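Undergrad: Between the sequences and the hints, there should be enough to build the whole structure, so can you do that?
Chain by chain, the residues run as shown.
There are 2 protein chains.
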Amino acid sequence: MAEHDIPRATAKRLPIYYRYLNLLLDSGKTRVSSNELAEAVKFDAATIRRDFSYFGALGKRGYGYDVEALMNFFGRILDQDTLASVALIGVGNLGQALLNFNFHQSSNARISAAFDINEDIINTIQAGVPVYSMGDLEDQITAQRIEVAIVTVPSVAAQDLADRLAKAGIKGILNFTPLRLDVPASVRVQNVDLTNELQTLLYFINNVDLANE
Amino acid sequence: MAEHDIPRATAKRLPIYYRYLNLLLDSGKTRVSSNELAEAVKFDAATIRRDFSYFGALGKRGYGYDVEALMNFFGRILDQDTLASVALIGVGNLGQALLNFNFHQSSNARISAAFDINEDIINTIQAGVPVYSMGDLEDQITAQRIEVAIVTVPSVAAQDLADRLAKAGIKGILNFTPLRLDVPASVRVQNVDLTNELQTLLYFINNVDLANE
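Line by line, the protein sequences are chains A and B. Heads up: the first sequence begins at 1 in the UniProt record's numbering, then just goes up one per residue. Heads up: the second sequence begins at 1 in the UniProt record's numbering, then just goes up one per residue.
Calculated from the structure, these hints are not laboratory results. It should be emphasised that the depicted structure is a prediction, and the values quoted were computed from it without experimental measurement. Keep in mind that a hint or two might mislead.
[As the list claims (entries may be wrong)] Below, simulated DSS-like cross-link-like pairs (lysine-lysine); rule was C-alpha separation at most 25 Å, straight line:
no., chain 1, residue 1, chain 2, residue 2
1, B, 12, A, 12
2, B, 167, A, 42
3, A, 60, A, 42
4, A, 12, B, 42
[As the list claims (entries may be wrong)] To list a few chain A residues with every Cβ distance to chain B over 10 Å, as calculated:
no., residue
5, 53
6, 55
7, 123
Heads up, the beta-carbon is just placed ideally off N, CA and C, and yes, glycines get one too.
TA: In structure tokens:
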């Protein structure tokens, strides 16, 4: 089965598997069963076995999976060997935190350029990342071959920005604003809505009988 | 149908509906169709109509939904009239950003206490929120009747902290560490894994033929 035929839910679990396998390898473990994996990553073992089967990674009964082989395999799928340059637009509190964080646990992506309208920080380096003016957006995206943008601007500015990003050739947007962005089919948006996460959690703890997913 | 019988996916969309209805009301709009809602929140109209039907909120053909009535109704479900006190543990970069952010768009939750091991900030007020030592955790959770905790500590400290939180009576954890927490059934965990969001996005833009959700 070709890689691009795997279900979306499976694809979303790949980075989690990858990071856990990395951890196992660091701790000297050479093999792992789907039950052990299930215990660690909190998906059920049947889901894990099905996920792995999409990639033709079949464990051996009584042996399990070879940690290093599986990790290298997922690493290739996740493209861990190349480094993707990412732009961050909006260096407010959340933007600043993401610059400091800069996806340390990930080896395949790095924020290489930040953008803001605040003259006080334009042309400075924040947490190792240069901050450019908004006027430099298209030029830097082209020069640095940036394909992914993190949007941490105020909601009112988000749609105009998304239009500019799409025109500049951005393929993926990690959207931290509560606004649902309107983008062409060539752009994929991943929404990270922190208020929504909290409200959903509050809703669930106040409605404890709700069926689990 | 009782509120607690609604599907999890529907429950997760409620805060999004609620916020958008709020926006509509602010802009003076009194009614809205499921198609307009669909365009704005990017779920399809059939999904929206099905979601609303769980709550007995049925639009009238050719009229749509009454914005204010629907908003008040969802507000009650989401418990917008009460203010939930939330603890934040780990005032690093991300923790600090969340304190500053403090879920402004939400009217039903507020971080009321932060905790850290850093002596330099213990007993100070950060972004309006008092920072306590980790020794004060259980006392403050009890005193402030806190039921939800945001975990922004380093991964290595996360499981021990989750154990303490569960013992202290916390019912919900918003987990920003990549670690999958082991908690009793009485505690609900919502994972916000920023590295994972970015890696998933990278994966999808590199595998463009992947079926959309």
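Undergrad: Let me make sure I understand: some of the numbered hints might not hold for this structure. Which ones are they, in numerical order?
TA: none
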